[in-house]
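There are 4 protein chains.
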Amino acid sequence: MSVKFAVLGAGRIGQVHASTIAAVPGAELVAVADAMPAAAAAVAAAHGCDVKTIDDIAADAGVDAVIIGTPTDTHADLIEQFVRAGKAVFCEKPVDLSLERVKSCLEVVQAEGGKLMVGFNRRFDPDFRAAHAAIQQGRIGKVEMVTITSRDPGAPPPEYITRSGGIFRDMTIHDFDMARWLLGEEVTTVQAAASVLVDPEIGKLGDYDSANVILTTASGQQCVITNSRRATYGYDQRIEVHGSEGSVTAENQREARIEIADEKGAHRPPLLNFFMTRYTAAYANEIAEFVDALNTGGAMPTTGHDGLMALALADAALLSVAEGRVVQVLEVLGDG
Amino acid sequence: MSVKFAVLGAGRIGQVHASTIAAVPGAELVAVADAMPAAAAAVAAAHGCDVKTIDDIAADAGVDAVIIGTPTDTHADLIEQFVRAGKAVFCEKPVDLSLERVKSCLEVVQAEGGKLMVGFNRRFDPDFRAAHAAIQQGRIGKVEMVTITSRDPGAPPPEYITRSGGIFRDMTIHDFDMARWLLGEEVTTVQAAASVLVDPEIGKLGDYDSANVILTTASGQQCVITNSRRATYGYDQRIEVHGSEGSVTAENQREARIEIADEKGAHRPPLLNFFMTRYTAAYANEIAEFVDALNTGGAMPTTGHDGLMALALADAALLSVAEGRVVQVLEVLGDG
Amino acid sequence: MSVKFAVLGAGRIGQVHASTIAAVPGAELVAVADAMPAAAAAVAAAHGCDVKTIDDIAADAGVDAVIIGTPTDTHADLIEQFVRAGKAVFCEKPVDLSLERVKSCLEVVQAEGGKLMVGFNRRFDPDFRAAHAAIQQGRIGKVEMVTITSRDPGAPPPEYITRSGGIFRDMTIHDFDMARWLLGEEVTTVQAAASVLVDPEIGKLGDYDSANVILTTASGQQCVITNSRRATYGYDQRIEVHGSEGSVTAENQREARIEIADEKGAHRPPLLNFFMTRYTAAYANEIAEFVDALNTGGAMPTTGHDGLMALALADAALLSVAEGRVVQVLEVLGDG
Amino acid sequence: MSVKFAVLGAGRIGQVHASTIAAVPGAELVAVADAMPAAAAAVAAAHGCDVKTIDDIAADAGVDAVIIGTPTDTHADLIEQFVRAGKAVFCEKPVDLSLERVKSCLEVVQAEGGKLMVGFNRRFDPDFRAAHAAIQQGRIGKVEMVTITSRDPGAPPPEYITRSGGIFRDMTIHDFDMARWLLGEEVTTVQAAASVLVDPEIGKLGDYDSANVILTTASGQQCVITNSRRATYGYDQRIEVHGSEGSVTAENQREARIEIADEKGAHRPPLLNFFMTRYTAAYANEIAEFVDALNTGGAMPTTGHDGLMALALADAALLSVAEGRVVQVLEVLGDG
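Protein chains in written order, with our numbering: chain C, 1 to 336; chain D, 1 to 336; chain U, 1 to 336; chain F, 1 to 336.
Treat each hint with caution, since some may be false.
Note that identical chains are pooled: a pair holds if it fits in a single copy or bridges any two copies.
[Claimed, not checked] Think about it this way: if two alpha-carbon atoms lie no more than 25 angstroms apart in a straight line, the pair counts; the simulated DSS-like pairs of lysine-lysine are:
1) Lys52 x Lys103
2) Lys204 x Lys52
3) Lys142 x Lys264
4) Lys204 x Lys142
5) Lys52 x Lys142
6) Lys103 x Lys204
7) Lys93 x Lys142
8) Lys4 x Lys103
9) Lys103 x Lys93
10) Lys264 x Lys52
11) Lys93 x Lys264
12) Lys4 x Lys52
13) Lys204 x Lys264
To be clear, the hints were calculated from the coordinates, so they are not data collected in a lab. Being a predicted model, the structure only gives us computed values, none of them experimental.
Excised from the complex, chain C in its bound form (with noise of 0.2 angstroms):
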């Protein structure tokens, strides 16, 4: 009784879930949708399923659950669509740029009580959920201080910056997922600086590439978050949570665990430097997770409104640049 799966998006990421989905037991990819016809049909061959339009996969009575990994325009419509047709639904991140699509959005789910899983693969990264469990075990006493440093090796090109939502929407959410995450308490102010340094490209986009934000919770404790749009040093992705017994921190992954020492000094090899590689366990660990939910009846493991909070907290730090000041997570989230 495995769950049958169609992907819809046959890009970068959709390859990935759909060689995951061929991997995990309790899975079977069952069709793949694609607005071109090429991509489609090279993942239903490397996986030997079919290709079916949008349409026809939300009619079809032989598919359990989607993974959406169209563009991000798209996905608050085809989170409403499959939901009514009672489809299980896992969306990559964000649910929407516009906070208020995603609230509506998020009624639709709760109405039609539908089963979303919103992909912040940080979560599922084996380095990560270590630290976390070592902090759910009591091993640092109580949380005072988290540290998030999230450093992309290179800066988008212009055509992805204005589509992006810019950069606490587009890079920062995952961050604010993660602080959400480690802090185990809601946030409820934020305060944020943001510059331009890496590319005056991003600036004249009206975005930034530089930014550092601090987060507090009601019981006081505080987050940081370190973001640039550029390492030359590869893929920075690192974690510290400090707490009243002690901290734990979880580190970066290199090329290869070697060292070479000469007379300049030791030398180990860079970061890896793009995401896909970083974070491919988390990739699987996310899907498989979403595949035991729907086949024990859990709950969702990351839900839209981790969606919804995450996206809050960077149009909080946005408006914050925006006007220096301190903001309060209610002011940007409203009552609902």
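Place chains D, U and F on chain C using the hints.
Quick look at chains D, U and F alone, frame taken from chain C:
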């Protein structure tokens, strides 16, 4: 035009190889054989291949290559049978515990013009490969000294010891192969010390559980191998190569890349402590390279000769311990 | 022609400086003063110098320079007294807890053409200096982001808190100075979060024990400072500077460079957990450089202006917390 | 009541010891002797002591103890002279390059009831001590295997080689002493390999520049020592002790605790590459402990017997290389 494989032996390692073949492009698993019908059936079910007898596989024109993962004392006979049947053969180390039997087997392989790869998995570990590549690229100059540390998490049970051929032929044999690979020159002398420190039962069986070996080459290069059958902290697998211009080391792998700090200090998780977990990538890579060599007509990545030489070094080490002297490899290898 | 020194204040830090002077070539300890005769006598006995009153030292033509290690509220007066007396002055940070008092004191120093070094010891730590040197050598390109982590091993007693000026003026002040030094550009805005997580008594005194601060410069550089009054794992003192071409980090110091591995993992000793042990070399270096500057007529390595600016950042941080907004440094600094 | 010291030999190491004595409580430097008047005068000027001849020092009732830092071939004679004169003696290793001469010298020491400490500085290194203390505290269970890596930054000049006694007596001797200290049990067998890989001139002088040694004890413990006269990456000084319950390692020291990351990877500075810099603390500690032993009447921290045994292991290693066999230590030590 993929290579059609049969797996002989559906035990732990056979299952690993079967999964790899299922995942590697250019390879296809068509049959499995095992003395235990249930074991063979499980592999067949998992990967959708047939259960057959060894003789049927040898006679099957639809099989291009076999992977031998049966007990050691069957290896040489199976290699001969399948080489004579015109199949390419991947055989787990060792070819045999007797140097004479290995030689006669390799003569058959040569006479038949057969293709034989011996499974020295460590050469295919990504970190060791990165270290080897650095050497090949001249990053450390001329190789002068190699240090190999290899410690098992725990001693095997007595029944394993009795069939193992002893620590040098069973455990150090991997390190002998690594030494030859890293030195880049044939070993000419062997001296060794061995003792029983871990488990007196091992001593009663005439074997050792702790050993150090020094190897030298004609040009004066040296290699030290350190072995123990027990390491409470996990599967300790390190190499260090010192050259005229620098050194390169490959480090251990841990359960997670986290560090917990508390009032007692900074703590990282133990090493991976199971060889199949530690060498997951190596097992996959060795089969992928075997497939690639078959598809391209390239040379076998590791050969029967490699198997012969590693066993010769093991025999030399044993003789060195017995006689308390430096042993010339030619003494044990003979003029063959 | 060595510089003749008097040490004012024979407490913990005065003793350290006295020992340094005794060991540094080109310097000579000739007198010590302390309100507690026994304390002064101990230093005099250890180093063979005279015990004198502060006024006698000021009047003593045989004294070239003084080191002020007395309580904070005496610093500004003593600086003025000794600058007027024509002595070079090394004063422990801070000059004063009041920005206005610091300004008036520095006006006296300037009017007198006096020499004043303020003891920001961290700039003289060998590891931080190596990091700074790497930046100066262009190893990381243009500095974009600075991250400073500074956590005390444990919170000070309430009586210390009441006299300290609060966490920003007492603890973060060191980090503010490091930030200015590492950014290489003046800070223009400050925003901060602060809370009480370690000890409620600190909160009752109107102070905080946990804080994060974001600084920015006119060119858009950013710096994050993370502080806590407690770290079970020792005195946590790290810097990380991210630039356009790379990054440089300086790591903590541990009690010993050993690692113990056992079935629970790999363990290193805690961090050094006392500031005098952690910064032993820094304390010696700052005095040696002061002596060197006096002997060569060079510029003071750290100045009264540095003391003023660090305090201004502290005041700005406090204001930011109070008003929940970004504070311009000029707001607190005025037009002076 | 401080111990009054004279330093014999005002060279590099004599100057280090003179400075230590000047700084250690309970010790006083009263005289220095050297064949080169200028060298002695420099030490006398730096520390305010007298220049005297060796014989005058021996006859001086105001001298309690001497530090012998003269050329090796004078050590044994000076030890005898000063022990007979009733002085406590600290002598740099080795006592002599001839095992017979060492024995006869130690007989004189014993007959006179003299106090003799031999300067095996490494036992006093803080990191090695921390490792040793961990062993003593039972942190790794029973010691089974010791691995000592010791590589010089560069080969000494030919004129040093000719007087050195060869690599085993000059360089490995430190490691032999460390092995005895860490094993906690006397070594019974020695086997070694040695070659010339660094500098052919060393070979022409009948010496080696690269060596590996295996030591065993009666209980079956093993130790491996790896030596090279060249390491481009600095002075490589590591120990690793594997026990029944775990392991402990002591790591190298670098020029600074920084790491630079760039597109080529992560880079740390080279190792400290001068023995006096690397072992600064060890040199100070060994003299402080000698002083303490004299002041308290305690046992010598390292003894003439330690010097004898380390030399015996060196002679055994040389014999092993010459004869290609395991050598019993008793063969070279005789029944004395």
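Structure-based check of each hint:
1. Lys52 x Lys103: neither (30 angstroms within a copy, 58 angstroms between copies)
2. Lys204 x Lys52: Answer is neither: 41 angstroms inside a copy and 66 angstroms across each miss the 25 angstroms cutoff.
3. Lys142 x Lys264: Between. Shortest inter-copy distance 18 angstroms satisfies the 25 angstroms Cα cut-off; intra-copy 43 angstroms does not.
4. Lys204 x Lys142: Result: close only across copies, 21 angstroms inter versus 43 angstroms intra.
5. Lys52 x Lys142: neither (50 angstroms within a copy, 51 angstroms between copies)
6. Lys103 x Lys204: For lysine 103 and lysine 204, neither the intra-copy (30 angstroms) nor the inter-copy (41 angstroms) Cα distance is at most 25 angstroms.
7. Lys93 x Lys142: Result: close neither inside a copy nor across copies, 30 angstroms intra and 33 angstroms inter.
8. Lys4 x Lys103: neither (28 angstroms within a copy, 53 angstroms between copies)
9. Lys103 x Lys93: For lysine 103 and lysine 93, only the intra-copy Cα distance (14 angstroms) is at most 25 angstroms; the inter-copy one is 53 angstroms.
10. Lys264 x Lys52: Intra 58 angstroms, inter 45 angstroms, cutoff 25 angstroms: neither.
11. Lys93 x Lys264: neither (44 angstroms within a copy, 32 angstroms between copies)
12. Lys4 x Lys52: Answer is within: at 14 angstroms inside a copy they meet the 25 angstroms cutoff, but 32 angstroms across does not.
13. Lys204 x Lys264: Classified as neither; 41 angstroms inside a copy, 31 angstroms across copies.
Violated hints, listed in ascending order, are 1, 2, 5, 6, 7, 8, 10, 11, 13; each of the other numbered hints is respected by the structure.
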